[in-house]
Amino acid sequence: MSTTQNLTLVQAVRDGLKCELERDDDVVVFGEDVGENGGVFRATQGLHEEFGEERVFDTPLAESGIVGTAVGMAAYGMVPVPEIQFSGFMYPGFDQIVSHAARMRTRSRGRFTVPMTLRAPYGGGIRAPEHHSESKEAFYTHEAGLKVAVPSTPHDTKGLLAAAIRDPDPVVFLEPKLIYRAFREEVPEEPYTVELGDAAVRREGTDVSVFTWGAMTRPTLEAAENLAGEVDAEVVDLRTLSPMDWDAIVDSFRKTGRAVVVHEAPKTGGLGAEIAATIQEEALLYQEAPVKRVTGFDTPFPLYALEDYYMPEAARIEDGIRETVTF
Amino acid sequence: MSTTQNLTLVQAVRDGLKCELERDDDVVVFGEDVGENGGVFRATQGLHEEFGEERVFDTPLAESGIVGTAVGMAAYGMVPVPEIQFSGFMYPGFDQIVSHAARMRTRSRGRFTVPMTLRAPYGGGIRAPEHHSESKEAFYTHEAGLKVAVPSTPHDTKGLLAAAIRDPDPVVFLEPKLIYRAFREEVPEEPYTVELGDAAVRREGTDVSVFTWGAMTRPTLEAAENLAGEVDAEVVDLRTLSPMDWDAIVDSFRKTGRAVVVHEAPKTGGLGAEIAATIQEEALLYQEAPVKRVTGFDTPFPLYALEDYYMPEAARIEDGIRETVTF
Amino acid sequence: MSVLERDPDERVQVLDEEGRVVDGATVPDLSDEQLVDMYRNMKLARHFDQRAVSLQRQGRMGTYPPLSGQEGAQVGSAMALAERDWIVPSYREHAAMYVRGLDFDQTLRYWMGDERGNSLDGLNIMPVAVPIASQIPHAAGLGMAIDYRDDDAVAVCYFGDGATSEGDFHEGLNFGGVFDTPTVFFCNNNGWAISVPREEQTATETLAQKATAYGFEGIQVDGMDPLAVYQVTREAVKKAREPPVEELRPTLIEAVQYRFGAHTTADDPSVYRDEEEVERWKQKDPIPRLEAFLRDRGVLDDERVAEITDSVEAEVADTIEAAESIERPSAESIFEHVYAEMPRRLESQMQYLQRLREQHDGELLEE
Amino acid sequence: MSVLERDPDERVQVLDEEGRVVDGATVPDLSDEQLVDMYRNMKLARHFDQRAVSLQRQGRMGTYPPLSGQEGAQVGSAMALAERDWIVPSYREHAAMYVRGLDFDQTLRYWMGDERGNSLDGLNIMPVAVPIASQIPHAAGLGMAIDYRDDDAVAVCYFGDGATSEGDFHEGLNFGGVFDTPTVFFCNNNGWAISVPREEQTATETLAQKATAYGFEGIQVDGMDPLAVYQVTREAVKKAREPPVEELRPTLIEAVQYRFGAHTTADDPSVYRDEEEVERWKQKDPIPRLEAFLRDRGVLDDERVAEITDSVEAEVADTIEAAESIERPSAESIFEHVYAEMPRRLESQMQYLQRLREQHDGELLEE
Ligand SMILES: Cc1ncc(C[n+]2csc(CCOP(=O)(O)OP(=O)(O)O)c2C)c(N)n1
Ligand SMILES: Cc1ncc(C[n+]2csc(CCOP(=O)(O)OP(=O)(O)O)c2C)c(N)n1
Ligand SMILES: [Mg+2]
Ligand SMILES: [Mg+2]
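Protein chains in written order, with my numbering: chain A, 11 to 337; chain B, 11 to 337; chain C, 79 to 445; chain D, 79 to 445.
In short, the hints are calculated from the structure, not lab data.
Warning: the hint list may mix true and false statements.
[What the hints assert, rightly or not] Estimated spans, in silico, between C-beta atoms of each pair:
1. Glu419(D) with Lys265(A): 44 to 52 Å
2. Glu325(C) with Arg98(D): 57 to 65 Å
3. Glu419(D) with Leu294(B): 46 to 54 Å
[What the hints assert, rightly or not] Computed, partial: chain C to chain B, Cβ under 10 Å:
4. Leu108
5. Glu193
6. Gly250
7. Phe253
Just so it is clear, CB atoms sit at the ideal spot from N, CA and C, and this is done for glycine as well.
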């Protein structure tokens, strides 16, 4: 058996980066404050010292420049792993993401590709200033050519990150910062991958399927546990949001006939909509209740005094599950 | 009766701008090539001459600058009506749209507002180069604080545009360029508004509700006509995509029990998903078939040799309707 | 000759590190009262800042961006404006906002996570802008609007050294040049953008020279010399109002300074910079410099300084008291001010939240 | 002394409008054969351009961006590169791409709406970039990668005068300066961005002076003088490979030129500019200028010119024939190359389209 380390999620990010930097000389890590400072969340701590200025470096404060130069490096055969300091600051680089990273392969019929992994801490719950609590994964899942992953455990983090970095296509890798340091898990020291596109059933159940990802996985599991006895809920952590594991979703739903989707992002146009739409498309005849969405509201993410009202929490999720099974 | 003019859709844009420029001195129109050149689609033709350089002017080639200065002008009390030359070029200004235009009111608790109308030609079908055929309305409808409108007729164009310009909130006004000159309609010379948030039933029917907007309205109506006798389809032109007219959608669906959504945008995460999700949420017990989505594919919009395969056309929509009524 | 007409590499200074007037410099024409005000504003800002950091440490406030070291640039520039002028701040301009009329309790309220601290009613201040450089095009747009209305105001836009690398810096300044707007682009070059030093932001020698790319003047000033900052800003504002023939209204001011503390309370500067560097810059502290100058001028003495210190402490204590005694914002306020009129879907989401809270005896979702 | 070491306001020129070598200029060290090649490349590009415009008029091609007038800048710069160097084009660099190995039938294919024209197999050319200025950070990134690999290549990035207003211009050049990349930023200043004249893009006198904002050199060159362009580019490339001590590798070249025709075939320039202006610039046409120089040098005569004209016409005719005889891309190719491996949902969308076409007897969706 290989040795393991007891790591938090953010330490697993760091460990994943380290393993990939060791494995492949073409991998480079860069962004604002990722060098000597080791990242504002310490996700790149020590990597600058260990791999040197050429492999792990700071950039000017310019997100379009960060993503745009990554596209150029990728065209030359490198494997860029840029960081955007918070997902709310990806927008100045949005054009480079959707117009170039996502399309270079199509545009050049496979001649040029962008095997970039664009990391960003995402989601709310840490009493942060404005724009620091966004979850707008739906922007990226609506853009063909991109993949999107969101881990929910330290083990998955390292494995999904490795898979993303080795993936020949651009992956937007959103890290749920609320749980960066929330708990620890045994993580192999060896490099390994967790395949992109594979959901994980975190709790088996027969009454209702609850689909979620990232930081919402924990309150969702908590809600499921609180309801145990009353309701037997299956909890599926989607892990990769594009491409989505539709088989896992539809299979679970065919079994239970009821579903709840939990996400932090605003309800309208969030991924809950796509999941509900697909379920009724593929399995209407199994459907015994509306697919329920327990989500953030259709408002800007409020400043932190009110963020606890905004984000789904176990009690709210429980209510959603209960309503769905009693429909 | 007031006098009317026989206008194309793009002429109605121009007429709408003209009326609002006349009505309110605070309205200014600007963007790339909207001045002397009158816009690359002639949507602002003659306005520079008529209203002068102060009211209608060219800007440097810089979308973030265009939207960002509009936000500043709005804060000072003006009513900016910037144009982005094609909706595919809104991304360099995306941060200003989502981080500022959408949020200024919330952020300042109503002290500062952005009554901007951001116009952009949108959609495919005109054999245009890469990035000129996008329909990514779902990006804007997922962002709270923005409104989104897409007209489908010259009459609505003038009225919706006036409503957008007079609206105290930022409106992303997407103009279906495929039908800019496709047909003419009688349009009152007088200013008037078509209320934001109101869908229009374009064809009454009892068997199935077909929801669509913009350039897809015509092939959808064509499909409905082709099926007349066989299927009695109701066609609803949503016109405003945010806020959506949920009452109209759910009412129509309660009547027919079956629905099809037609849009050009990619399927996954497109507005069809939100409509399907809402229908099953609000009216599952009426639902006799899956809500069908007839949409663009989950690929980048192809270069024009293949665009006809990408865009829904009447025959494809007919198939979708038929499948839905025979489910 | 205007101080603006200098070689951009030559840094404007009025006071040296000991607070003595440097050779050839003219002391700006400010009354003793105004000078004492300037001093008091800086003292107040410094004390406020220290208290704010400790509120954060005590868990009474969220992340906070301190300004110690940067009082000279903020107070000096803001005092150079007329009542009708506007400022467009980033997130660190607490002192400039105070000078322009915003009480510090509002600033605290904002950093305590309450948007109402940012509503700025009746003040010519734009709200705090968090995305770096994104406020710069707003300032150009304000200038365009001021011009359109034929008003006589000037908009002063604050941003950091790191901000000069963003596309919005470029687009904002370029619009300023093209539309010849009454705007002062005021760069608080505090040497660092979190951990990235100024030298790694750009390969130029100065930031002021970037004005060359927009066709208007750029000038470097000692940002820890409040008199020099006042003077340069006043001339830039004057030029914006009444530009000489053949000259454009905007100016890029690079105020060279240093932040003594962390980037924000979430940052640990010891990871990336030496204590020795900090000590070196503390020699340029704007507060003792102006104090020495005013003592020398006979406007301040021990007694007056003690009085000011006391009044500053009392004001900050009141401010904190005020900020902490305000009632929490209501849950409903999440839904307010998203649109002028609340759309039906939002209303039903608000009702859902109200129902939820009732069902759970108001317990749900309370910390 | 390098030609780069000039006042940025002084425009480099080798040939005057009559094709005579200007006082003090050195003719670059090119063989007669190379010079004739340069001439032929420009003639070919001009003829191709005229035929492409007429293909569009006849409905045989979609929107097309013509280059007539800009051959000197494109051919002169591209010929200054070594085999291993890269170019990063916008959408108008057909001639530069040709010189770097891309046949014109590929260019036609692309503008006929077929992505395969953009696949550029085996060539050191990045694909056509449509969003203005967005390719500039790519060129900086290429340079960073070249550096990382310790390769000896240089990346030349083309963009227009309008592009200099975009944030990506700023961020790309700033990264170039900070990371000291082997990049030449080549601005085709053709006087207009669609209908907006250069004077309304920015308030500066030159575009070259914008290099001051990034810490490296900027230089203006007569973009309709292929020899001057060749020379300036060659020196910029040389500097990028072997920078003198204390100098940065990148250069911003502003090649001042004019587009004789419309912005694209969808544009009508008579709305915004005078025929008289066009005529004035036609005096500087790079083709007769180089022809006069080469006749004078005894390298060209009527016979040789006629031969070249014939061969150019034949080549373009073959090119068009080739482009039009290629089979249409398949409907399935919409789904290919979106990802390295086709996700299942995409596969089922492809199958749906195939089923649809079968059901409708292949009639559906065919023009
Ligand atoms: C667009 C954007 N990217 C990144 C950040 C995260 N961030 C906050 S402050 C900061 C450094 C800013 O440096 P500078 O402009 O010098 O201003 P200073 O804080 O030193 O006053 C960064 C990177 C942000 N707020 N916005
Ligand atoms: C980001 C973006 N905005 C707008 C456009 C539309 N557009 C295409 S070409 C052009 C003008 C470009 O001018 P310039 O940079 O001078 O290049 P030129 O075409 O003259 O070579 C514009 C506005 C675009 N392609 N991309
Ligand atoms: Mg700084
Ligand atoms: Mg141009």
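Okay, which hints does this one fail, numbers in order? 1, 2, 3 and 4
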